[in-house]
Amino acid sequence: MSNNHFTVEDFSFEYLEETFQPTKRPLNKIKYLYNYFNVLKKERNFENITIIKENDYIDKFYLRDYSRYYAESFHKLHNRSERLHFFSGTIDKQEFKSILKNGSTEYFQGEKTKYNYLGHLTLKPVEDEYGSKLIGRTAITPYPEKQGENTRHYITTKNTCSLFGIELSLQSLPFHEQDIAVGACASACLWMTQFPIQKWYDIPIRSIAEITELSRLQGPYDTSPAPLFPSEGLTPSEVASYLEVLGIHFQIFDIEALYNKRIELKTKQGYEVSINELIDDIIKAYSNAGFPIICNLDMGNNGQGHAVLISGYKEAKTGEIIELYLHDDKIGPYCRTKFDKEYKTHWINHWIDSKEVSKIVLRKFIIPVDPLVKLHYLQCFEKFYSWRQSLERIEFKLYHISNYRKQIINKKFEDKENVLSKNMPRYIWVAHIYDEDKKVNTRDAVFDANRIFLRKPETIIEFA
Amino acid sequence: MRMNKKKKRVDITESFDDPESIKISNKIFQIGGRLKEKDFTQRFTI
Numbered sequence: 001m002s003n004n005h006f007t008v009e010d011f012s013f014e015y016l017e018e019t020f021q022p023t024k025r026p027l028n029k030i031k032y033l034y035n036y037f038n039v040l041k042k043e044r045n046f047e048n049i050t051i052i053k054e055n056d057y058i059d060k061f062y063l064r065d066y067s068r069y070y071a072e073s074f075h076k077l078h079n080r081s082e083r084l085h086f087f088s089g090t091i092d093k094q095e096f097k098s099i100l101k102n103g104s105t106e107y108f109q110g111e112k113t114k115y116n117y118l119g120h121l122t123l124k125p126v127e128d129e130y131g132s133k134l135i136g137r138t139a140i141t142p143y144p145e146k147q148g149e150n151t152r153h154y155i156t157t158k159n160t161c162s163l164f165g166i167e168l169s170l171q172s173l174p175f176h177e178q179d180i181a182v183g184a185c186a187s188a189c190l191w192m193t194q195f196p197i198q199k200w201y202d203i204p205i206r207s208i209a210e211i212t213e214l215s216r217l218q219g220p221y222d223t224s225p226a227p228l229f230p231s232e233g234l235t236p237s238e239v240a241s242y243l244e245v246l247g248i249h250f251q252i253f254d255i256e257a258l259y260n261k262r263i264e265l266k267t268k269q270g271y272e273v274s275i276n277e278l279i280d281d282i283i284k285a286y287s288n289a290g291f292p293i294i295c296n297l298d299m300g301n302n303g304q305g306h307a308v309l310i311s312g313y314k315e316a317k318t319g320e321i322i323e324l325y326l327h328d329d330k331i332g333p334y335c336r337t338k339f340d341k342e343y344k345t346h347w348i349n350h351w352i353d354s355k356e357v358s359k360i361v362l363r364k365f366i367i368p369v370d371p372l373v374k375l376h377y378l379q380c381f382e383k384f385y386s387w388r389q390s391l392e393r394i395e396f397k398l399y400h401i402s403n404y405r406k407q408i409i410n411k412k413f414e415d416k417e418n419v420l421s422k423n424m425p426r427y428i429w430v431a432h433i434y435d436e437d438k439k440v441n442t443r444d445a446v447f448d449a450n451r452i453f454l455r456k457p458e459t460i461i462e463f464a
Numbered sequence: 001m002r003m004n005k006k007k008k009r010v011d012i013t014e015s016f017d018d019p020e021s022i023k024i025s026n027k028i029f030q031i032g033g034r035l036k037e038k039d040f041t042q043r044f045t046i
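Here the protein sequences line up with chains A and B, keeping their order. If you use my numbering, the first sequence corresponds to residues 1 to 464, in order. If you use my numbering, the second sequence corresponds to residues 1 to 46, in order.
Only chain A is shown next, with the shape it has when bound in the complex (with noise of 0.2 Å):
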């Protein structure tokens, strides 16, 4: 007996837009899609993707949404959406029916894997204004980690989901679309945090409508209140104090004062720090950690607010960032981004590539971290910088501690039963020393972040 609970279909161009429903909108969402699956499929050598699609999913976030907004509209709407599984391979229906049939889930998962998971996007009945479908709960594969001699790092969460009983898991950072009925680009930054966050920090994952109200009933008061719903967006401060709900500290790096020049990025032996350095420094930092960095973005010539998401990015040998990868709703995950050749300041990606916005340019950096992380990486910056005058190469990075002593227990060191086994504060600063020729780490300098000043190393740690 055959029934419509779900299709199979070969990834195409086409059957993406006859899914999603066409948009003319130059930032085509179906575009980026389809472009990302295609670079995907290069780098990753697969010669086509199968997507099998849930005709008939139930997804709680949009359930959630639903009843805060969309129950009370006079307007139809579904409260049920689709689900995209993605997979590399070719499957035909008759295939998956007897997978289904047979119970050969091995061919998922395991030593005898023929279809690798490439994750998830669920699709919702609710439209754009270009009467595209807008993109629920998503979890797709980043790019490989090596690409040359370049190296890609994410932020990345398990997820895990069920397709008829076939256990799938990948790792990636769940993406969400923003909806405006119930909330802008702010909220579903904050709805992808959620994630990431609960990895080191126990909160309640939330719907966006959820974020949007809670956000807003924290916040100071405005004197012109833009309606809760549809929404206008919420402004730092709101975001600010929705994490503080959630019992979760956040530091802020002011980005367009500190490059405004109001005052010398300078330490007193003279080394000055360009901005573009700085940039570098704090996103290699806070992402070390697993703390997602919100970005605070101005578009275009009139300086209209966005909020997007450091997902990842690409480091070159030399330590350099040159591409960025951003979870941003109004596009798709991992948006690759790169700078303006002189000011990572400015930067450039589909935004400017569909000529929806002339410029984009970075404000502020909003980071969510965990209330033990008090020391402040500016409040460093006199320690940090005078260092780096004297070495070829010096990084900084936030640890978690139990992250850190699994990244040195294979490496030889003095002294190493004492120094893996005293005791130590949750989270550390650890400055990493390298060589002359810039590639080996040589020594680590260890501090607690969780002082008021940076205070002298807990621990040096010279690698044989």
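The hints are simulated quantities; they were obtained by calculation from the structure and are not laboratory data. Glycine included, C-beta positions come from ideal geometry on N, C-alpha and C. Careful, some of the hints might be misleading.
What the hints assert, rightly or not - Calculated cross-link-like contacts (lysine-lysine; reagent style BS3-like; alpha-carbon spacing at most 30 Å):
(1) B:23 to A:374
(2) A:199 to A:406
(3) B:38 to A:266
(4) B:38 to A:456
Said to hold, decoys possible - Computed footprint of chain A on chain B, listed as stretches where at least three residues anywhere in the stretch have a Cβ under 8 Å from a Cβ of chain A:
(5) 21-30
(6) 33-45
Stated by the list, open to error - Heads up, incomplete: computed chain A residues facing chain B, CB under 8 Å, no partners named:
(7) 234
(8) 237
(9) 258
(10) 330
(11) 424
(12) 460
Chain A is fixed; fit chain B onto it per the hints.
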């Protein structure tokens, strides 16, 4: 811009009680590490 780079061994245990160095870091932190008044009303609208 990096100035007068010398390839020498840096002593990381040097004085950490220097008020001047804390002052420099604090000044930079005050400018770059806080929300400003205008941030309370400027919305993320995109």
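Between residue 38 (chain B) and residue 456 (chain A), does the CA-CA distance stay at or below 30 Å?
violated (37 Å)
Using Cβ atoms only, decide whether residue 237 (chain A) comes closer than 8 Å to chain B, and label the hint accordingly.
For residue 237 (chain A), the interface hint holds, since the closest Cβ of chain B sits about 5 Å away, which is under 8 Å.
May I ask you to test the interface hint for residue 258 (chain A) with respect to chain B, counting a Cβ-Cβ separation under 8 Å as satisfied?
Holds, about 4 Å.
Hint check: 8 Å Cβ-Cβ cutoff, residue 330 (chain A) to chain B:
holds (7 Å)
Quick check: do three or more residues in the stretch 33-45 of chain B have a beta carbon closer than 8 Å to a beta carbon of chain A?
Per the Cβ count (11), the hint holds.
The stretch 21-30 of chain B covered by chain A? Criterion: 3 or more residues, Cβ-Cβ distance below 8 Å.
holds (count 8)
Holds or violated: residue 23 (chain B) to residue 374 (chain A), with C-alpha atoms at most 30 Å apart
Answer holds: residue 23 (chain B) to residue 374 (chain A) is near 18 Å, not above 30 Å.
With chain B as the partner, please determine if residue 460 (chain A) meets the hint condition of a C-beta pair closer than 8 Å.
With a minimum Cβ separation of about 6 Å from chain B (threshold 8 Å), the hint on residue 460 (chain A) holds.
Is residue 199 (chain A) within 30 Å of residue 406 (chain A), Cα to Cα?
OK: residue 199 (chain A) and residue 406 (chain A) at ~17 Å, within 30 Å.
Going straight from one Cα to the other, do residue 38 (chain B) and residue 266 (chain A) come out at no more than 30 Å?
Satisfied, since the Cα-Cα distance of roughly 27 Å is no more than 30 Å.
Does the interface hint hold: is residue 234 (chain A) within less than 8 Å of chain B, judged Cβ to Cβ?
holds (6 Å)
Chain B contact restraint on residue 424 (chain A) - CB to CB distance below 8 Å
With a closest approach of 17 Å, the residue 424 (chain A) hint is violated.
Consistency with the previously given hints fails for numbers 4 and 11, ordered from lowest to highest.
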